[in-house]
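Enquirer: The residues making up each chain are set out below.
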Amino acid sequence: MRIVVRSEICSGCETCVSSCPYTAIVMKEGKAFITEYCQLCRACLSVCPEGAIIEVMEEGEGVTVAEPSAYRGVWVFAEQRNGKVASVAFELLGAGRRLADTLGVELSAVLFGSSEESARELIKYGADRVYLAQEPLLERFNDEPYARLLAFLINTHKPEIVLAGATPIGRSFFPRVAAILRAGLTADCTAFDIEPGTGNLLQTRPAFGGNIMATIITPNRRPQMATVRPRVMKRLEPDPSRKGDIIYVKPDNLSSRTKVIDTVKEVSELSVNLQEAEVIVSGGRGLGDAKGFKLLEELAALLGGVVGASRAAVDAGWISYSHQIGQTGKTVCPKLYIACGISGAVQHLVGMQSSDIIVAINKNPEAPIFNVANYGIVGDVYEIVPLLIKKIKELKGL
Amino acid sequence: MNIVVCIKQVPDSAEVRINPETGTLIRDGVPSIINPYDLHAIEAGLQIKEKLGGKVTVITMGPPQAEQALRDALSMGADEAVLLTDRAFAGADTWATAYTLSRAINKIGADIIICGKQAIDGDTAQVGPELAEFLDIPHVAYVRKIDSITEDSIIVERLMEEGYDIVEASLPVLITVVKELNEPRLPSLRGKMAAKKAEIKRLTAKDIEAEESLIGLKGSPTQVKRIFAPELKKEKKMLEGSPEEQVQKLIEELKGLKCQFL
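Those protein sequence lines, which keep their order, are chains E and H.
This note's numbering puts the first residue of the first sequence at 1, with every later residue one more than the last.
This note's numbering puts the first residue of the second sequence at 399, with every later residue one more than the last.
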């Protein structure tokens, strides 16, 4: 494929020049011209008011595969640590169930190095079937045996979609599986849909540090693979009466050239709390200094919640990185999120916008945080928050 | 010891925005930089060389202007630089990128390959592990500390969600590194002078004998369907009035939702 400018239509308005992230469009004799720096990102196509920029397919282009229709079913890789299934696996089952129902296919989970009891747990959360491999080599995470075995299972059973958590484990070994299978893999998806007609998985994810969203498809290869960050998808309510099959997988010839010598826990209480918290009170640049967080702590404590922060507040040194919420921090999804003095840079929004109820308090009525808020208060944090604390205390009879 | 460091030239992503009205990328004045994580990969490569001897080769795939990133790496102290550049590479996703890099690294030869944990423009963290698979070598991702390295094996700390693992791997091996690993050195004046004059080796698809159907857009299983400014959700309610009234309204709204926190 090439991107070309139809110079007879180009009006020379230069709109496309600044749309190119690779500086690949220059003006030549009053017309736009695409240089060899073009990376085929297509960012310019939609911006041309004249429709003068087009993509030209060359002969024999496009990745093809024999019969994508031979692939059927949705799979979720259920990661475990110390035998215990990670919470992201249940969230993936929630997302996977919805996709499987839309497609009218079954939902399966793949579980390595864990117990039958854990497999039953996965069925309660939506799986129709669990492939369980109980090999000792799989109890601790090593990339090669995980990748080889999952690729083998996929080749044997041919699911059309395979999801994993965008955790240190999923992000490390899933790419190896994609490499083996010549499969498309999309990282850190925040939304999935099925494209009507084609049945392709529409995979939406943030790029450029979360300033831009992109929808990715894998039109001609199967399976379609994707990872999802923890706390982005919603788990289903467990249903103890759900029925499903457990299929025992007995792998042979598994080997690993890496070896886990030791596993050291180093978990900060806080980072766990942020992701589990039902209420988060978050502060940003608008607080002005570190003292503002004392006020937020008081409000959070009253609501049984914890304190979060935007990158601006962390970069300013007012609070530690472990509180940071956003693309480069934690993704959270509490029942109530109160943003205080946070303008709402996209990189922050992607980390909190799936919260159930969002309250925004900001001096600037134009702040983008109000666009994701259910309730907006234009005002000074130092005036509003103390009043809020007072009212809640009254309400609780404190 | 043949040490290969894979780097990427990226736009400084903190500066890239979409104009919500026109849907265009705003990149006016956005500078190109070496992906920040890759600076730590270069530093790790230089430290291994200082300990065990050998040479550090930096490699990148990209348009001709990516040469600048390689020169910056040379000025930090890398010995050689390879630029994979060819129009046929354009439009590559992580699969096709990793395949292309693997073809080149097979030619160069490597005992250890070091990558940054991810690039800040795509944030996928996929090319490193995919590259290891194509080269049929083990990898360890998210390395925050190198405990020991010899000609045959390496022991590292791998960052995990709830702490870290101590992992041993045989060489040749690929590691992807996080910022905690080290503090990248600044280029010396002499390094800068040498880098200016250094020869950058250019390789095309033909040079690395890459299969045409596996590179660039043609070789990429994934396609970008569209890019857009993040969607902002739902009906918002601005609470009007004096501060007291606003707070009172908020409390009532939350109570109306049977908010159990009140």
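Hints may be right or wrong, so weigh each one.
Unchecked claim - Below, a list of computed lysine-lysine pairs in the DSS-like style, where the Cα atoms sit at most 25 Å apart:
#1 E/363 x H/634
#2 H/635 x E/259
#3 E/158 x E/124
#4 E/265 x H/543
#5 H/543 x E/391
#6 E/335 x E/234
#7 H/653 x E/396
#8 H/653 x E/259
#9 H/634 x E/335
No lab work stands behind these hints: they were computed from the structure.
Enquirer: Which numbered hints are broken by the structure, listed smallest first?
Expert: 2, 5 and 8
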